Amino acid sequence: MESVLKVALVQMAPSLGLPERNLESHLTWLETPEAREADLVVFPELSLTGYLLQDLVAEVARPLEEKGFLAPLVEASRHRDILVGLVEESSQFLFHNSAVYLSRGRIHHVHRKVYLPTYGMFDEGRYFAAGREFRAFDTRFGKIGVLICEDAWHLSSSYLLVLQGAHTLLVMSGSPGRGLATESVEATSVQTWERVGQTLSQFLTVHWAYVNRVGYEDGLAFAGGSYVADPFGDLLLDGAENVEAIYRADLPLASLRRARTLTPLLRDEKPELVRRHLDDVLRGR
Amino acid sequence: MDLTRPPKLNPAIALAMIDRFLQEELAKTGLSGFVLGLSGGVDSALACALAVHALGPGKVLAVKMPFRTSSPASEADADAVISQLGVRSERVDITPMVEAYFQGLPEAPPLRWGNFMARVRMAVLFDRSARGRALVLGTSNKTELLLGYGTWYGDTASSLNPIGDLYKAQVWQLARHLGLPEQVVTKAPSADLWPDQTDEGELGITYAEADAILYLLVDGRYTVEEVAAAGHPLTRVEKVLAMVEGSQYKRRLPIIAKLSQRTVGIDFRYPRDWGR
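Keeping their order, the protein sequence lines are chains A and B. Using our numbering, you'd call the opening residue of the first sequence number 37 and step up by one each time. Using our numbering, you'd call the opening residue of the second sequence number 12 and step up by one each time.
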């Protein structure tokens, strides 16, 4: 296993509803020095399609084929691993908000967003089919778990991924900035995301890399503010708001070991107890 | 936080977000700048200043459109904004257009005159926008939009509105932050559609109170009873809510009788930034 995961986070502004144009911009980002010195390049939620798609969902959906639409990115993954977001068209013609992990010239793993926010400014449940599992997967950097935005707001998702052995959680986001009626230096939504990642990374002793997009779609200002939290809950990287940028961070396995030695929360976790209580809850007791 | 006070704003972040909003949306349309009506009031002054902040004065055309009864002080304030910001400006006297229409309609009350003036100004702005390949910038704030205090397809019509999510108190705060002329920020808000008209007189509520109530109802999702419990007289809260409900039509495009499988505005849903 590699001792350090060198990650690059691409805080980009996708073009809405234009997968081919976005594919080109992904390839351009992958040529930047930061991406070239990384082992893994992470793009935001729906990076290949844009977010506020509404009825465009069916028009921008692509089946996941290594030789199809994704071929240039699959090819690029011979040099470094790549995580991208797009609308996946399943063989049953269902459309998923998906994250595709490409490695060594193959589609290595797919995560379909489980929790589709359908409230306030969000309407994903209207347009997407929900994924049904959280599955940590093997890489040469140890196990990785992927969460797409709202997924991370459900405590059980990161808990399950870490119990499955994840060393690193990659969180891809399309989060609009909002909440300026305070005196703080960041929008409320940006602060909240940092609080969530720092808290969960500390509770679960895991590396947490969050990449949020920027750019505007119909007045929504995607806020950026990508960051990395280490297994102690400290920020290794705190990206700027609102601007396109690529950020680099090193996630050393040694800090995971140190955190889990100092605070062996994972060792002492009792999933069988959780299961027993959940069984009770599900039986209505 | 004092729930009887209007909401504040983080001006630095708001500016950064509005800058990018104006820059990106203009770039997506491929047009060359913004045009807006400058009344001398704080809302249009702020919209103008935000456009200049985002794109520089060369990309902004301010149009003064006085009517013969408009207050000369308003025009002087507009001139102060124009000279401070260094934007290009034009003056279009709407008196002949408006009077030509109302000739022979002596019974028309001031409200009809006022609404007609607002729509004539809208028509002038959209014509100027076609001439200059510019987008019409909206100047309605969140308080006005929610209370319905504006003319449907008049001053509420625009392509892009940078201040539509700012309550009036936040408009004042941001206007001060940007250093707009003091008299523009401190004077009593007025639509100036007839002499001595003031917003607060016509609305029957102060902006400070309306903002505080709206912020709790709309942003905070408080119930009417909870807003009252937070220190606002129940009758005022109910009055504000009634104004919001009663003006919902002004915040929507026309509704269409649904007959087909997919209907514009109902289940034909695409973002405006479609393919941009």
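Hints listed in this document are in silico derivations from the structure and should not be mistaken for laboratory results. There could be a bad hint or two in this list.
Claimed, not checked - Quick list of in silico lysine to aspartate or glutamate cross-link-like pairs, DMTMM-like style, CA-CA up to 20 Å:
1) B:261 x A:38
2) B:19 x B:35
3) B:269 x B:256
4) B:70 x B:118
5) B:39 x A:274
6) B:19 x B:176
7) A:42 x A:254
8) B:198 x B:211
9) B:39 x A:56
10) B:198 x B:220
11) B:70 x B:101
12) B:269 x A:91
13) B:39 x A:60
14) B:261 x B:213
15) B:70 x B:35
Computed from a prediction, not measured in an experiment: that's the story for all the values here.
Now the hints, each set against the structure:
1. B:261 x A:38: Not satisfied, since the Cα-Cα distance of roughly 60 Å exceeds 20 Å.
2. B:19 x B:35: violated (26 Å)
3. B:269 x B:256: The hint is violated at about 23 Å.
4. B:70 x B:118: violated (42 Å)
5. B:39 x A:274: violated (29 Å)
6. B:19 x B:176: holds (13 Å)
7. A:42 x A:254: violated (35 Å)
8. B:198 x B:211: OK: residue 198 (chain B) and residue 211 (chain B) at ~12 Å, within 20 Å.
9. B:39 x A:56: The given pair, whose Cα atoms are some 17 Å apart, holds under the 20 Å limit.
10. B:198 x B:220: Given pair residue 198 (chain B), residue 220 (chain B) holds - Cα atoms ~17 Å apart, limit 20 Å.
11. B:70 x B:101: holds (14 Å)
12. B:269 x A:91: holds (18 Å)
13. B:39 x A:60: holds (18 Å)
14. B:261 x B:213: holds (18 Å)
15. B:70 x B:35: holds (14 Å)
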